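**Student:** If you read the sequences in order, they're chains E and S. Take this note's numbering: the final residue in the first sequence is number 310, and no numbers are missing along the way. Take this note's numbering: the final residue in the second sequence is number 271, and no numbers are missing along the way.
Be aware that one or more of the hints could be misleading.
[Said to hold, decoys possible] Over the 10 Å line for every Cβ pair with chain S, so calculated as not near, a few chain E residues:
no.	residue
1	11
2	14
3	28
4	57
5	69
6	77
7	92
8	95
9	125
10	129
11	152
12	276
13	291
[As the list claims (entries may be wrong)] Derived EDC-like pairs (lysine to aspartate or glutamate); straight-line CA-CA distance at most 20 Å:
no.	chain 1	residue 1	chain 2	residue 2
14	S	103	E	88
15	S	103	E	158
16	S	106	E	94
17	S	106	E	137
18	E	135	E	164
19	E	144	E	179
20	E	185	E	212
21	E	185	E	199
22	S	103	E	137
23	S	106	E	164
24	S	106	E	158
25	S	106	E	199
26	S	103	E	94
Treat the hints as calculated values from the structure; they're not laboratory data. Since the structure is predicted, the reported quantities are computational estimates derived from the model, not experimental observations. Using N, Cα and C, we set each Cβ at its ideal position, and we do this for glycine too.
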Amino acid sequence: MFPESPLIQARALTKRFGSFVAVDGIDFDVAPGEAFGFLGPNGAGKTSTMRMIACMSPVSSGTLRILGMDPITDGPNIRRRIGLVPQEDTLDLEMTVLDNLLVYGRYFDLPRKVIRERARRLLDFAQLTDRANDKVDPLSGGLKRRLTIARSLISEPELLLLDEPTTGLDPQARHLLWDRLYRLKQQGVTLIITTHYMDEAEQLCDRLVVMDKGRIAAEGSPRELITRYSTREVLELRFRVDDHAPLAAQLAGLGERIETLPDRLLVYTDDGESAAKSVADRGLDPVASFVRRSSLEDVFLRLTGRTLVD
Amino acid sequence: MITAPARRPTQESAHRIWRSYLYWTHIYRRTWRASIASGFLTPTLFMAAMGVGLGTLVNHHGSSAHQLGGVSYLDFIAPGLLAASAMQMAAIEGMFPVMAGIKWIKFYQAMLATPITVTEVLYAHLLWMATRVAMVSSIFLVAMFAFGAPRSAEVLAAVPVAVLTGMSMAVPAAAFTATRESDQALIGVIRFVVMPMFLFSGTFFPVTQLPAWLRPLAYATPLWHGVVLCRSLSLGDASWASSLGHVGYLLAFIAVATLVARRTFSRRLAA
Numbered sequence: 001m002f003p004e005s006p007l008i009q010a011r012a013l014t015k016r017f018g019s020f021v022a023v024d025g026i027d028f029d030v031a032p033g034e035a036f037g038f039l040g041p042n043g044a045g046k047t048s049t050m051r052m053i054a055c056m057s058p059v060s061s062g063t064l065r066i067l068g069m070d071p072i073t074d075g076p077n078i079r080r081r082i083g084l085v086p087q088e089d090t091l092d093l094e095m096t097v098l099d100n101l102l103v104y105g106r107y108f109d110l111p112r113k114v115i116r117e118r119a120r121r122l123l124d125f126a127q128l129t130d131r132a133n134d135k136v137d138p139l140s141g142g143l144k145r146r147l148t149i150a151r152s153l154i155s156e157p158e159l160l161l162l163d164e165p166t167t168g169l170d171p172q173a174r175h176l177l178w179d180r181l182y183r184l185k186q187q188g189v190t191l192i193i194t195t196h197y198m199d200e201a202e203q204l205c206d207r208l209v210v211m212d213k214g215r216i217a218a219e220g221s222p223r224e225l226i227t228r229y230s231t232r233e234v235l236e237l238r239f240r241v242d243d244h245a246p247l248a249a250q251l252a253g254l255g256e257r258i259e260t261l262p263d264r265l266l267v268y269t270d271d272g273e274s275a276a277k278s279v280a281d282r283g284l285d286p287v288a289s290f291v292r293r294s295s296l297e298d299v300f301l302r303l304t305g306r307t308l309v310d
Numbered sequence: 001m002i003t004a005p006a007r008r009p010t011q012e013s014a015h016r017i018w019r020s021y022l023y024w025t026h027i028y029r030r031t032w033r034a035s036i037a038s039g040f041l042t043p044t045l046f047m048a049a050m051g052v053g054l055g056t057l058v059n060h061h062g063s064s065a066h067q068l069g070g071v072s073y074l075d076f077i078a079p080g081l082l083a084a085s086a087m088q089m090a091a092i093e094g095m096f097p098v099m100a101g102i103k104w105i106k107f108y109q110a111m112l113a114t115p116i117t118v119t120e121v122l123y124a125h126l127l128w129m130a131t132r133v134a135m136v137s138s139i140f141l142v143a144m145f146a147f148g149a150p151r152s153a154e155v156l157a158a159v160p161v162a163v164l165t166g167m168s169m170a171v172p173a174a175a176f177t178a179t180r181e182s183d184q185a186l187i188g189v190i191r192f193v194v195m196p197m198f199l200f201s202g203t204f205f206p207v208t209q210l211p212a213w214l215r216p217l218a219y220a221t222p223l224w225h226g227v228v229l230c231r232s233l234s235l236g237d238a239s240w241a242s243s244l245g246h247v248g249y250l251l252a253f254i255a256v257a258t259l260v261a262r263r264t265f266s267r268r269l270a271a
């Protein structure tokens, strides 16, 4: 395989469930070694896409090539080389942490000795060595997630699929997980991540697609997308009113663009501080006013008119 | 990367079924003692209460010896119970662990993220159900010998027949479970399918005692074929023709149910 040839190639990839179109003809390529993200709200088609890549759900139409193979005919051979971290943990709660790794390793036809050796290293990697002989059930969400990731690595996959890897975790657990994923990336593992957290996408992804209603709304690196679809800074304003919409008119001309959300106004500008000053000059008195850098959240808002997390 | 030695696709598939089957043996290591103990307890209680206790009354009743074909009630009921308990246990094995695999623990999904396919996950689990029924039926047979119930060495062949009887219930149960969202309907199956079959398929009394209109229904149940065959093997009056007929019926039943299960499993797990 040439180094340039993509690890995954999707053309007009479509997934239908009856009359419902979950994924609506998307195109994308993922290069080896890349960390590639699908960013979008719940129901955007991210998990359906992920399940097709994992060869766990047949493609309805379009083409999908993974590691140069066709999921329809080569499912087992593809899955042998990929690791999956599903949205919901599928750990065996009655088994110990270590047994979860050992049993899973056997599904891949690995010699017991190899599985044992890798399990030891992976427990270390996931910082679970102390818990090796504990049952899984009482472990915290963060520990279970780390175990799921460790388990998905037992086959030493070239491609790791992570479906909403940190949903439901507290900030500390998320950062620890991100650190582990970053290390994997350093080791050359190709990562595919779905998330509805823009900070996660910014932290982990070299390149991402923004998905909405089964379609790809935009594609690029986090920085590119922000440059293309947003301004450098955002001024967030909150007023003591029930409805922020009427106030938007009074801010006209302050920045490149103004977004009205139910609870606040966003002024898109390259210079937030001077925009804030102009707000005061116009005699407006916001309860809260702060300037931040643009994020993927703003990109999503610009592209779809909606926020990522409702 | 470690590459597996080259195998033909069917060999590969058989090997994956085996690897999925190992999950079940691993789980069983935790519960085998209790399962063997209860494996002895159930037939012992049944044969003591029904075969010996109730049997004393039945054997003293003038016409019943004729109805039972001239054998004691214990000898009549023991092989029937062997088939009926295999069916009952297989129904449970075909339902709740399947629901656990799909929903409660999701070990099916875990396997499906590896090279193992849906059909292989199904076959491995069916194979395990058959293993369990074989184990429990073998224990049952030992208990039967302890009570002196078998009249022929042919009774040894009743264990594989009990496995077929069990699978003729387990496979449709698994196929059905894969279409359910909760165990509510499964409890209904136990009440309205398993229990009536257990009681009215010739285990405790000959089907000829049933009202004429109900008999065809009893003859259609796979359990009746299992009960009759196990009984004739235990009593030593089995003929080749009728034995093959019963085995053929059970195998056909299992084959059709397996095709249905492949469909419902694929729909549920690989949509």
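**Student:** Check whether the Cα positions of residue 185(E) and residue 199(E) lie no farther apart than 20 Å.
**Tutor:** Within the cut-off at roughly 17 Å; holds.
**Student:** Is residue 106(S) within 20 Å of residue 137(E), Cα to Cα?
**Tutor:** Holds. Residue 106(S) to residue 137(E) sits at ~14 Å (cutoff 20 Å).
**Student:** Quick check for students: does the CB of residue 125(E) sit more than 10 Å from each CB in chain S?
**Tutor:** Non-interface label stands for residue 125(E): nearest chain S Cβ at 18 Å, farther than 10 Å.
**Student:** So if I understand the rule, the pair passes when the alpha-carbon distance is 20 Å or less; does residue 135(E) with residue 164(E) pass?
**Tutor:** violated, 24 Å
**Student:** Beyond 10 Å from every chain S Cβ: check whether that's true for residue 69(E).
**Tutor:** holds, 13 Å
**Student:** For residue 14(E), which was marked as not at the interface, is the minimum beta-carbon distance to chain S over 10 Å?
**Tutor:** holds, 14 Å
**Student:** Sort out whether residue 164(E) lies within 20 Å of residue 106(S), counting only the CA atoms.
**Tutor:** holds, 18 Å
**Student:** Below or equal to 20 Å on CA atoms is what counts here, so check residue 103(S) against residue 158(E).
**Tutor:** violated, 29 Å
**Student:** Hey, residue 185(E) versus residue 212(E), does the alpha-carbon distance stay inside 20 Å?
**Tutor:** violated, 27 Å
**Student:** Please settle this one: residue 129(E) was flagged as non-interface, so is its CB more than 10 Å from every CB on chain S?
**Tutor:** The claim holds: residue 129(E) sits with its nearest Cβ about 22 Å from chain S, beyond 10 Å.
**Student:** Straight-line Cα separation of residue 144(E) and residue 179(E) no greater than 20 Å?
**Tutor:** The hint holds at about 16 Å.
**Student:** Measuring Cβ to Cβ, find out whether residue 276(E) lies farther than 10 Å from everything in chain S.
**Tutor:** About 50 Å separates residue 276(E) from the closest Cβ of chain S, which puts it past 10 Å; holds.
Consistency note: the structure conflicts with the earlier hints numbered 4, 6, 7, 8, 11, 15, 18, 20, 24 and 25.
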